[in-house]
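Following the hints, complete the assembly by docking chain G onto the known chain B.
Chain residues, written in single-letter form:
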Amino acid sequence: MGDATTVLSDTDARHLLRRTGFFISTRQLKSFTGKTRGAAANSLIRGAGTRFKPRVRYNVDDVDLEREVHDNWLNYMVSTTHQFQEKLVLFWHDHFACSNVDVQNLTFMANQNQLLRRHCKGKVRHATFKDFVKAINKDAAMMDFLDTVRNRKNKPNENYARELQELFTLGVTDLQGNANYTQDDIVQIARAFTGWSTQQANGPGLKYGDAYLDPVQHDGGAPKVVYTTVGGFGPSGSDITLGGSNPPEAEIDTVIDIIFAHRDSEGQSTVARFITKKLLEYLAGPNPPKTVIDEVIANSNFDGSSDPSTAWELSALLHAILVHDFFYATAAQPSSVKWPAHYVVSTLRQLKMLLDYTSFTKTITVDGNDKIVSIRRYHLLNDTDNSNSLRDRLDDMGQLLLNPPSVFGWDWELAWTNSGTLLARYDFAVAIAQARGTGRTAFRPDKLVDLGLTDPGDVVDAVTALLQVQDQFPVASAERNALIDYLTDSVVNPPPLDLRDVAYRNRKLHGLFCLILESPAYQLQ
Amino acid sequence: MALTRRQFIKRTGLLTAGGFLAPGVFRNPFLERALADAMGDKYLIILQADGGNDGLNTVIPVDDGSSGALRMRYEVVRNTGSGGLQIPASALSGTEIDDDLSSGTPLALHPGLSGFKTLFDAGKLAVIQGCGYPNQNLSHATSKGFWQTGDPLGMLPGTAGWMGRYLLSVPYGPLDISAVNVRTEVAAEFAQTGTNVLAFTKLKTFTFPYDDYDPGDNLAKRTAYSAVCTAASVAAETTRKFLGNAGGATLTASQSYPAIEATYVADRPTWNAGYTTLHSSLANDLREVAKIIYAVENNVDPAVCARFFQVRNGGYDTHSNQGALSGRHNNLHVEVGAAVEQFYNDLDNMPANGGGMVSDKVCIVWWSEFSRRINQNSSGTDHGSQGPMFVIGGTVSSGVYGNHPNINVLNSQGNTIYSQAAGDPYRSTDFRDVFGTILRHWLGVTDPTTIFPLDGGDPTKFWTVPHFDLGFLP
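Line by line, the protein sequences give chains B and G. First residue of the first sequence? That's 0 in numbering that gives the first Met the number 0, and the numbers climb one at a time after it. First residue of the second sequence? That's 0 in numbering that gives the first Met the number 0, and the numbers climb one at a time after it.
Hints are computed from structural coordinates only; laboratory data are not their basis. Each hint should be verified, as a subset may be incorrect.
[To be verified] No more than 30 Å apart at the CA atoms, straight line, and that leaves these computed lysine-lysine pairs for DSS-like:
{"hint": "1", "chain 1": "G", "residue 1": "240", "chain 2": "G", "residue 2": "201"}
{"hint": "2", "chain 1": "B", "residue 1": "52", "chain 2": "B", "residue 2": "137"}
{"hint": "3", "chain 1": "G", "residue 1": "240", "chain 2": "B", "residue 2": "276"}
{"hint": "4", "chain 1": "G", "residue 1": "203", "chain 2": "B", "residue 2": "361"}
{"hint": "5", "chain 1": "B", "residue 1": "289", "chain 2": "G", "residue 2": "240"}
{"hint": "6", "chain 1": "G", "residue 1": "201", "chain 2": "B", "residue 2": "361"}
{"hint": "7", "chain 1": "B", "residue 1": "277", "chain 2": "G", "residue 2": "203"}
[What the hints assert, rightly or not] Estimated spans, in silico, between C-beta atoms of each pair:
{"hint": "8", "chain 1": "G", "residue 1": "449", "chain 2": "B", "residue 2": "172", "range": "24 to 30 Å"}
{"hint": "9", "chain 1": "B", "residue 1": "177", "chain 2": "G", "residue 2": "121", "range": "23 to 29 Å"}
{"hint": "10", "chain 1": "G", "residue 1": "214", "chain 2": "B", "residue 2": "383", "range": "17 to 23 Å"}
{"hint": "11", "chain 1": "B", "residue 1": "202", "chain 2": "G", "residue 2": "347", "range": "56 to 62 Å"}
{"hint": "12", "chain 1": "B", "residue 1": "366", "chain 2": "G", "residue 2": "470", "range": "58 to 64 Å"}
{"hint": "13", "chain 1": "G", "residue 1": "413", "chain 2": "B", "residue 2": "202", "range": "32 to 38 Å"}
{"hint": "14", "chain 1": "B", "residue 1": "172", "chain 2": "G", "residue 2": "81", "range": "38 to 44 Å"}
{"hint": "15", "chain 1": "B", "residue 1": "491", "chain 2": "G", "residue 2": "217", "range": "18 to 24 Å"}
{"hint": "16", "chain 1": "G", "residue 1": "140", "chain 2": "B", "residue 2": "46", "range": "31 to 37 Å"}
{"hint": "17", "chain 1": "B", "residue 1": "205", "chain 2": "G", "residue 2": "261", "range": "57 to 63 Å"}
[As the list claims (entries may be wrong)] A few chain G positions that, by computed beta-carbon distances, are all more than 12 Å from chain B:
{"hint": "18", "residue": "95"}
{"hint": "19", "residue": "210"}
{"hint": "20", "residue": "381"}
{"hint": "21", "residue": "444"}
Built from N, CA and C at the ideal position, the CB exists for glycine as well.
Bound conformation, chain B alone (with noise of 0.2 Å):
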């Protein structure tokens, strides 16, 4: 039994990197290994989000534009010191999940990024996780995407009123499987959403994309009464209308309020237990018992049971996560899946890999005039088919950034391996065995492992480790053979290895790599 006292082991200090970023580094490992979790933690949580928001050139329904802002983006992912709180907003882009297929504005596509960023890992001033999903609810592209911008008095449109409870907050049911909420608390808090608008242009007051309340499509008429009827628990009977103290302006607030003081038919905060239910999926793995997320809970104080004025706190969460000992537990039997971004930007990150790019032009349309703009498509070196950008094989992998599949988000762990998406990964595994060159953007086995090694074991060991594999092949394992195998073409006793042999080291080490990345162990973080 482990606290926040417990010292990190290296495979602790190696777990704990790895699940909070995409490659460890020899530096932070060397920091972490002797540390409590609980100072490791601290300095991972650390600091509010950086300013980061993806760049956007021209705000025009364009691929290729929303190519440069995916780009800009990824190549942040592959070079930024802020590993977790990138692996965080990838989770929140997720949990969030807005798709610009629907949204068409990359103006709001980048600024929700920069938002999830800012809170990704709490500790913003005066900002909590109730304040996040508060700022969500004006976030300019989710307005759009659930069609708050729709919902207007006497046509209420019920899809983010639906969505905010099903997948923001509540969960269609808790941990019991008992309903959360019924249709009717849908109708009741769309109304309150009703009138919700953005601006169209910087004006007086309130810049471009900003939310306002148009009074006269707001509904202000019968009391809106939720959770009056789920099953005898909850906060029976709040009304949003809270009366004169609470202008029309302030009910969307008094939603989230409302929703965060639910209890679940064990009494429970539903809040609280849902999300850190998933943090846990995501951070440590799947299926965490109800025992492990109550003591998070109770540990990070998320529900404010303990102590109301420092609820909600994000930081504390992700805290009491990254010191249980269910988090340790899973270094021993990873199962948890890379999402393709994972794969992709751990992969280039261990291999010291930077992006290569092509330049094209292509004429787009701007506030009624043609330009000529130059447009860079990044890509792995040599790979410079159109069909093999980074975003497009990320897309077949079943990632496709900035546009999630619908507001579920995407399907994790098994869901991202079947046979197409499998094919995919390894189509990545041989470009970039085959992004063969100099600098900073070529695959340079000879830079990485020692080539004085001639052990065949002594190789498939170097690059294991080097490749970060959590369950590292074990002596004598099936696989481990299999790969010495393979170095050895199956000779028996064979002649030492000699990787200084050019041509045996394009052929094997470079195939040796290639067969680590498709491996079923690689795909597990």
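Chain G alone, transformed into the frame defined by chain B:
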């Protein structure tokens, strides 16, 4: 492709004995006969309209008929003018189908579905109205889950899909590929099968990649990859085990499937081009199905023996900007109608192994997780309840089956009400009766309640009495 423990042990035994290198080696030479005994020489293609299709603007009342006042209500709930969703009766004359049986109301398909109208007139398309399940849950995820597990009340443990349960009874071997999903993931209907279900979007790119610089090393690499996967497939950790199996099956399939593309393209250039001209993802996806069926019928590769398919078409969640005669919903109808018509005609002109045309071996079923709200909002519709399904195939009997939902009587949410009351002129069609009819009359399952467990409860409100003989299949 999650496995039960029993299936896993069964499969692993074979994998460890044989590895993945030789597609077809372990193929049961009697597979085809065994399949034919179990299900006949048949194919089943499931089309998913993802997002909740607006049924009221799919099968539309043209006028009020002998009774029922459906059109009158339709004109109240669907507006004209900007953002209005009403389809004028005058626009429906080209796509009229049969009358609603109980009310006598003449019905028409949305004009965008003219492809379906052609198939209807050819006697190959059944319209099944009012499909749903008790206590419609208006969540996309939950509702899709109900349709795909076939178990809305959660009578069965686990989350196996209904096709997954069915496939356990079909004598495919552990290395056979029973089903292909032309999409980026295995659809939930097929979850937990004893055989392999492949998911890919393009046959052409479904190839195992090798280093172009060094083709001489390909065999060594394949051998090593296969051994690594075999080793993982007996790992203690279940996810790694799964990845080992998936990797092995993928290698096997990658050696048989991509090659069949060329055969179809060479042999059927006109049909191939016909899909291209439709410029839709659904047409492209159905063409991949046609290529596989063509390969099976012509014994192009013994390892290609899939009989079950799933294709998804998204975009139906039309909360806003739905459109009436043009716009989003119309575009979806046009896309589906044209793609399915092209696909059916391709198969209807494809000689079948054993004589006749392939279309007679094919059943296509189209579903959506729910319909949409009867009263429209400013320019779209929110989530609703019962909606239509379509079944298409060479032996399907055209016609309108089931009753139009009663849009004059709505529940407090503004949705039509699920009813199983005998004699109710608006009695709903449970979706399990539609799939069950296909299981019994197409695939020879004597008792589909082994796949779809009956509900308990009030027999007027729950699915307690099956109707697996809806009549659209002989």
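Evaluation of the provided hints:
1. Proposed proximity of residue 240 of chain G and residue 201 of chain G is supported: the alpha carbons are some 26 Å apart, at most 30 Å.
2. Straight-line distance between C-alpha atoms of residue 52 of chain B and residue 137 of chain B comes to about 18 Å, which keeps the hinted pair within the 30 Å bound.
3. About 25 Å separates the Cα atoms of residue 240 of chain G and residue 276 of chain B, which keeps this hinted pair within 30 Å; it holds.
4. Restraint check for residue 203 of chain G and residue 361 of chain B: the C-alpha separation of about 29 Å stays at or below 30 Å, so the hint holds.
5. Simply put, residue 289 of chain B and residue 240 of chain G have alpha-carbon atoms about 26 Å apart, close enough for the 30 Å limit, and the pair holds.
6. With a CA separation close to 28 Å, the supplied pair residue 201 of chain G and residue 361 of chain B stays within the 30 Å bound.
7. This hinted pair does not check out: residue 277 of chain B and residue 203 of chain G have alpha carbons roughly 37 Å apart, beyond 30 Å.
8. The hinted window of 24 to 30 Å between residue 449 of chain G and residue 172 of chain B holds, with their beta carbons roughly 28 Å apart.
9. Roughly 50 Å separates the CB atoms of residue 177 of chain B and residue 121 of chain G, a value that falls outside the hinted 23 to 29 Å.
10. For the hinted restraint 17 to 23 Å between residue 214 of chain G and residue 383 of chain B, the CB-CB distance of approximately 21 Å keeps it satisfied.
11. Between residue 202 of chain B and residue 347 of chain G the C-beta distance comes to about 60 Å, which sits within the given range of 56 to 62 Å.
12. Roughly 60 Å separates the CB atoms of residue 366 of chain B and residue 470 of chain G, a value that falls within the hinted 58 to 64 Å.
13. The hint said 32 to 38 Å for the Cβ distance between residue 413 of chain G and residue 202 of chain B, and at roughly 37 Å that hint holds.
14. At about 39 Å, the CB distance of residue 172 of chain B to residue 81 of chain G agrees with the hint of 38 to 44 Å.
15. Distance hint check: the CB atoms of residue 491 of chain B and residue 217 of chain G are about 23 Å apart, consistent with the given range 18 to 24 Å.
16. Separation of residue 140 of chain G from residue 46 of chain B is about 36 Å and conforms to the stated range, judged on CB atoms against 31 to 37 Å.
17. Take residue 205 of chain B and residue 261 of chain G: their Cβ atoms lie about 59 Å apart, and the range 57 to 63 Å holds.
18. With a closest Cβ-Cβ approach of about 31 Å to chain B, residue 95 of chain G is found to remain outside the 12 Å limit, as its non-interface label requires.
19. For residue 210 of chain G, the requirement that its beta carbon stay farther than 12 Å from each beta carbon of chain B is not met, with the minimum near 5 Å.
20. At the 12 Å boundary, the C-beta of residue 381 of chain G falls inside the reach of chain B, the nearest C-beta of that chain being 5 Å off.
21. With a cut of 12 Å on Cβ distances, residue 444 of chain G stays outside the contact zone with chain B, its closest approach being about 27 Å.
Checked against the numbered hints listed earlier, the structure breaks hints 7, 9, 19 and 20; every other hint is satisfied.
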